[in-house]
Structures are given as structure tokens and as C-alpha cells.
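**Q** Spelled out, the chains give:
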Amino acid sequence: MRSFLSNGDQTSLLGNLYCDADFVSELIAADEKVMIRERCGGSGINIIDCHYVGLEDFIQDAGGLNMAHKSTGGISPLISQNVTVIPRDWFDRPASSIEDDIVGIRLGDILSKQPRRRWGTLTLSDDVHVDLSALSSPVFQGKQVILFCSDVDVVIEGLWWRRNAIGLFEAIAAGGFYAVSAMNFSLFIGECPLGQLININKSLAFCDALSNLDVPVLPHVYAVNDHQRAKWVEYLNQRPTIKTIVINTQLQRDRYSMREVALTVKELLEHTHVNVLLNGRQLRSDTVNSSGRVFTANQSGLKKRAIIENALKRESALSA
Amino acid sequence: MGSSVNRKTADRLRINRPMESGAGTGSAGGPPPQDINNTCPLTIHVKLVRQDVAADTSLVLDGNSLRLAADGSTEVASVTSQVMKTLQTCLGMGISYPKIRVVIDKQGVRYAEFSQ
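As they're listed, the protein sequences go chains A and B.
In this text, residue positions in the first sequence follow the working numbering: the first is 1, and each later residue adds one.
In this text, residue positions in the second sequence follow the working numbering: the first is 321, and each later residue adds one.
Chain B with its partners taken away, still in its complex shape:
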């Protein structure tokens, strides 16, 4: 939205590939075109079971378990089937989430943040 130095943290997106002229025309009564940002959000949050992990700690995904990258064994959360499905769908579209780290919201709740 700006001609500035820094973007707003929340105002980030993947630019969708242009639709061909006439494609996805809503007047035909078909479903609306699917925004890639709704299918594969830039970040995905999974709430941690353990709430004693420091912010920015790196995590790894092992099956559907999230573990501390440092030891590879301490489980801090499990990923729901819905999130697993999103990760797999996006991977099939060439979009991966290579970075997983701990973030803390304003209420102090800890999440694993998957980033593209």
C-alpha cells in the first residue's frame, strides 16, 4: 500500500499469476477463482503443547510431530490432519514451508510458525 521503507507485517502476499483474459468470469455463475494466498497462506500457525519454548527456536516436522531442531526428539506439538493436508497440497503446487520457528502472540501463547 505504500511508497515507503517497510511493509506492514500483516500486509504480505504471494502475487497470483495473472488469469487469462476472460478466465474465471464470475458472471458465468461458476465458483470464484481461488487465491493462492487462501490455499497456501504465507504463514501457518500451530499451537504448541509445550509453552516453555523460547521465541525463534527452530523446529522440525517429523511425520505429524513438531520437534525441537536442536535435539530432534523433544516433541512440542502435533500437526492436525487439516494442516498436513494444506502442507501437502501446497507442496504439490511447488510451494514449501522450509522454515518452522516459534512465535509468541500478544497474549503470550506460543505457536509454531511455518513460513514459505
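Just chain A, same shape as in the assembly:
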């Protein structure tokens, strides 16, 4: 395995002073702390870290820290095509306006309420619940629909916390989706690796819960260091029934973040059997793109089409 420190980035040996993640769990290596730039504050804001009082409750909530204990035993289909994720303003168009049989829908489009901004921060309403009425829209008729459970932290963490109260898994199962991608719990570079491992396990626990209801799932893979990538490789190789994984790439706007995605995809292509579905941006890598195993799921094709259609409408209105 490539050395964790070989990427040439500025690293902080203060990580050893700032973070005790490797003392909490032997599943975390000491050198996973080198990118940490601030002391793990234990506040519970944005992430649960190694200094949080009551940490055990969160580890238990994630079904433990060992990925090997997650089964994801159900069906996980092979996706070997790009997937068009339908934007809300296309829902009333006829199904024939989209050629593909398999299409995507965003998590936010099956929620009763959207997060709203209050005093500079997004908040999720206390009475939010799953609302599948969007699936009755014309554009989805006769289509096989993949639900992409990628969203902002406020939505992902909020739904996870309410999951039993709102019957989240049963409600998603009722949608009859072709497949559901796991929630993209955040892994931010420089944050506590214990919190990151909790989030990886929460994402897998999400898969498990849906698998138990016979919902086909696509695990969501985030990794920001080589140890995490190695854990994913081991996990996937022990579960040959998982044919496709998803990586959300909508937030990776800087080169550094996208490079982490590229490293993860490369590792998965070289050492596992899975296809990779990038939810968002595609990678600028000939090696990856020529592999025949990496596909994208986004709205860009339809958005371009809408721009062209609107331009043509304007032109014909002007000439009339």
C-alpha cells in the first residue's frame, strides 16, 4: 500500500497531541491523525470526535466501529451505465422525454420538507418525513428509479437521528426503488478519524437496515486516507454480492478533494470487482474513464438540454 504520507501534503505531527482516536479503537492507525489541525473539541458540532463525552452511545448507534460486522447481505445490482438524475422541474414531462429505462431521483425530492436557512444555518423541520408522491409524476412512469441518498449534513444527520421516529427505512422500502444508495455521512479531511469511522459505519448500517427489508442497496464509499481505502477494499472483497458502489462528488470542488476521490476509485478498480457510480462530477482521468467500470449519475445532461430548449424558445418568440 502507498504510504499515507507520500502525498507530499503539509502534515501536522500535532495530531498526536490533538487527537486520541487510536487510543479509543485499535481499528484506527496513529498516522490517520496527521492531518488534524485542531484539537478534537468534543463539542458534538458537525462530528462526534474522540473527546466527546458519551461517545459510546454514538458508536453503538452506528452498530459498532468494525465494518466487518455489517452484512449488507441483500441484492446489490450491477449498474453499468450513466444515470440521469431527474431534476424536480422535469417531473411533469412525459416518461418518453428520457430515453433511459433507469433514472435517478434525489433524496430531497422524496422529503415532505426541504431544509431552510435560519440565521445563516440550514435547519430541518421537526416534522419532516418521507413523501413518495414525486414517484407518481409522469416522468417516472415505467422507469426503474435509483434513489440517491446524498444531501447536506443537516438532512443526512437529521434523518438518521429521526429514522425510527419517522419509519425512514420502511418508507423508503415502500418506494419500490430499483436501488438505493447509502447516505453520504461526511468525512472531512482533517477531522477526527474516529468520527469518520463512526460515519462510515453509519452509512453501512443504513445499507443493512434497507437490506433487511429486501431493498437493493448501493453502498456509499467515502475515504480520505489509505487506511480507510484498505478497509473498503477488504469489506467489498468479502461481499461479492455488492456489484456497484456510489461516491458523491458534488462537494469536491477543489483539486485536493477530487484527488482523494481519484485515489479511492483507483484503489477500488485495482483491488475489487465493483463498478463505481460517481454521483456528481466525473473524474478527469483517462485511466479511470477507460476502465469501463466508472459511471456518473447527475443532472447535467438535462440541464444542458433545458438551456438549449429555452434558448430555442426565446429565439422563436423573437422571430414570431
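Hints listed in this document are in silico derivations from the structure and should not be mistaken for laboratory results.
Mixed in with the good hints there might be a few duds.
[As the list claims (entries may be wrong)] Simulated DEER-style distance windows between Cβ atoms:
#, chain 1, residue 1, chain 2, residue 2, range
1, B, Ala374, A, Glu99, 52 to 60 angstroms
2, B, Val369, A, Lys113, 31 to 39 angstroms
3, B, Ala374, A, His273, 45 to 53 angstroms
4, B, Arg370, A, Ser300, 57 to 65 angstroms
5, B, Thr359, A, Asp131, 39 to 47 angstroms
6, B, Val369, A, Arg253, 35 to 43 angstroms
7, A, Leu78, B, Ala374, 26 to 34 angstroms
8, A, Val53, B, Asn326, 47 to 55 angstroms
9, A, Gln60, B, Ser416, 40 to 48 angstroms
10, A, Ser285, B, Ala374, 43 to 51 angstroms
11, B, Ala374, A, Arg253, 48 to 56 angstroms
12, A, Glu26, B, Thr359, 53 to 61 angstroms
13, B, Ser416, A, Ser25, 25 to 33 angstroms
14, A, Gln60, B, Arg421, 22 to 30 angstroms
[As the list claims (entries may be wrong)] Here are the simulated SDA-like cross-link-like pairs (lysine to any residue), alpha carbons at most 20 angstroms apart as the crow flies:
#, chain 1, residue 1, chain 2, residue 2
15, B, Lys328, A, Lys231
16, B, Lys419, A, Ser136
17, B, Lys328, A, Arg118
18, A, Lys304, A, Ala320
19, A, Lys202, B, Arg332
20, A, Lys231, A, Gly73
21, A, Lys113, A, Ser136
22, A, Lys202, B, Glu340
Don't be surprised by glycine CBs; every beta carbon is placed ideally from N, CA and C.
Once you've looked at the hints, dock chain B against the given chain A.
**A** Relative to chain A, chain B alone:
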């Protein structure tokens, strides 16, 4: 939402303590569970009466008056009873807002921002 370097400014929250299995089950017809982020938002904004205060200026809360920390006397806003109630409720839950500073929105309006 990401595996990235920086979070989106608005996408911040306090992670709620896990509910016990079966707790807060909506099917029982009870009220939905209360998200700590709705009870005690990470930031609270109070519009300033004085609009000549520089961004990032530190403020202090004196009763229900917000004053400049530098002199402790110049009042720049008063806090509504609703906000005072929120501050007290959250303090009772162990959540305080130790930092109060001036922020300016895109329209140029100045607010006191209470931060956890």
C-alpha cells in the same frame, strides 16, 4: 455532505444524541422528536439598532442589552424576550453562546451573532 477539505458555511449542526430504540416513534401519534438544532440553533442573529459598527466587533450581553465589549457601555441592540428565553433554555441544557460578534449580511445589514 462531503469528503472534502471545507464544510459549507450553512451546513453545520450539533449532532443529536441517539434516541433509544423505539423512542419517539411517530406512529404512536405523539409529537415529533425535537431536534436540538431547532431548539438551540448554532447561531442566533439579533439585528443591530446602530448600523455603524464594524464586522467582527465583539459584543457583550448586559441584561437584555447588547453593548460593545471594548467600552462595555455603548448599546448597539436590545435582545427580544423570545431570544432571551432561547438563551436561557439552552443554558439549562448545557449549551451556551459565549461568542457574540457583529456580522454583516449581503444587503449590508448588521447583526449580533451569538455562537455556541
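**Q** Hint by hint, note whether the structure agrees.
**A** Do the hints match the structure? See the list:
1. The supplied range of 52 to 60 angstroms is met by Ala374/B and Glu99/A, whose beta-carbon atoms lie about 57 angstroms from each other.
2. The hinted range of 31 to 39 angstroms is satisfied by Val369/B and Lys113/A, whose Cβ atoms lie roughly 34 angstroms apart.
3. Look at Ala374/B against His273/A: about 59 angstroms separates their beta carbons, and that is not inside 45 to 53 angstroms.
4. About 47 angstroms separates the C-beta atoms of Arg370/B and Ser300/A, a value inconsistent with the hinted range of 57 to 65 angstroms.
5. The hinted range of 39 to 47 angstroms is not satisfied by Thr359/B and Asp131/A, whose Cβ atoms lie roughly 24 angstroms apart.
6. Val369/B and Arg253/A have their C-beta atoms about 39 angstroms apart, which keeps the hinted 35 to 43 angstroms range intact.
7. At about 59 angstroms, the beta-carbon gap between Leu78/A and Ala374/B misses the expected band of 26 to 34 angstroms.
8. Judged by the Cβ atoms, the range 47 to 55 angstroms given for Val53/A and Asn326/B is violated: they are separated by roughly 27 angstroms.
9. Hint check: Gln60/A to Ser416/B, Cβ distance near 28 angstroms, so the stated range 40 to 48 angstroms is violated.
10. For Ser285/A paired with Ala374/B, a C-beta distance near 47 angstroms keeps the hint of 43 to 51 angstroms intact.
11. Checking the proposed 48 to 56 angstroms range against Ala374/B and Arg253/A shows it is violated: the Cβ atoms sit about 30 angstroms from each other.
12. Between Glu26/A and Thr359/B the Cβ separation comes to about 37 angstroms, which falls outside the hinted range of 53 to 61 angstroms.
13. A C-beta distance of roughly 30 angstroms is found between Ser416/B and Ser25/A, which places it inside the suggested range of 25 to 33 angstroms.
14. Distance hint check for Gln60/A and Arg421/B: the Cβ-Cβ separation is about 38 angstroms, which falls outside the suggested range of 22 to 30 angstroms.
15. Between Lys328/B and Lys231/A the alpha-carbon distance is near 27 angstroms, which puts this suggested pair outside the 20 angstroms criterion.
16. As the CA atoms of Lys419/B and Ser136/A are separated by approximately 48 angstroms, the hinted pair breaks the 20 angstroms bound.
17. Restraint check for Lys328/B and Arg118/A: the C-alpha separation of about 15 angstroms stays at or below 20 angstroms, so the hint holds.
18. The suggested pairing of Lys304/A with Ala320/A is violated, with an alpha-carbon distance near 24 angstroms, which exceeds 20 angstroms.
19. Note on Lys202/A and Arg332/B: the hinted pairing holds, with a Cα-Cα distance of about 18 angstroms set against a maximum of 20 angstroms.
20. Of the pairs offered as hints, the one joining Lys231/A and Gly73/A holds, with about 18 angstroms between alpha carbons and a cut-off of 20 angstroms not exceeded.
21. Distance check on the hinted pair: Lys113/A and Ser136/A sit about 18 angstroms apart at the alpha-carbon level, within 20 angstroms; holds.
22. At most 20 angstroms may separate the alpha-carbon atoms for a hinted pair to count; Lys202/A and Glu340/B meet this at roughly 16 angstroms.
Checked against the numbered hints given earlier, the structure breaks hints 3, 4, 5, 7, 8, 9, 11, 12, 14, 15, 16 and 18 and satisfies all the rest.
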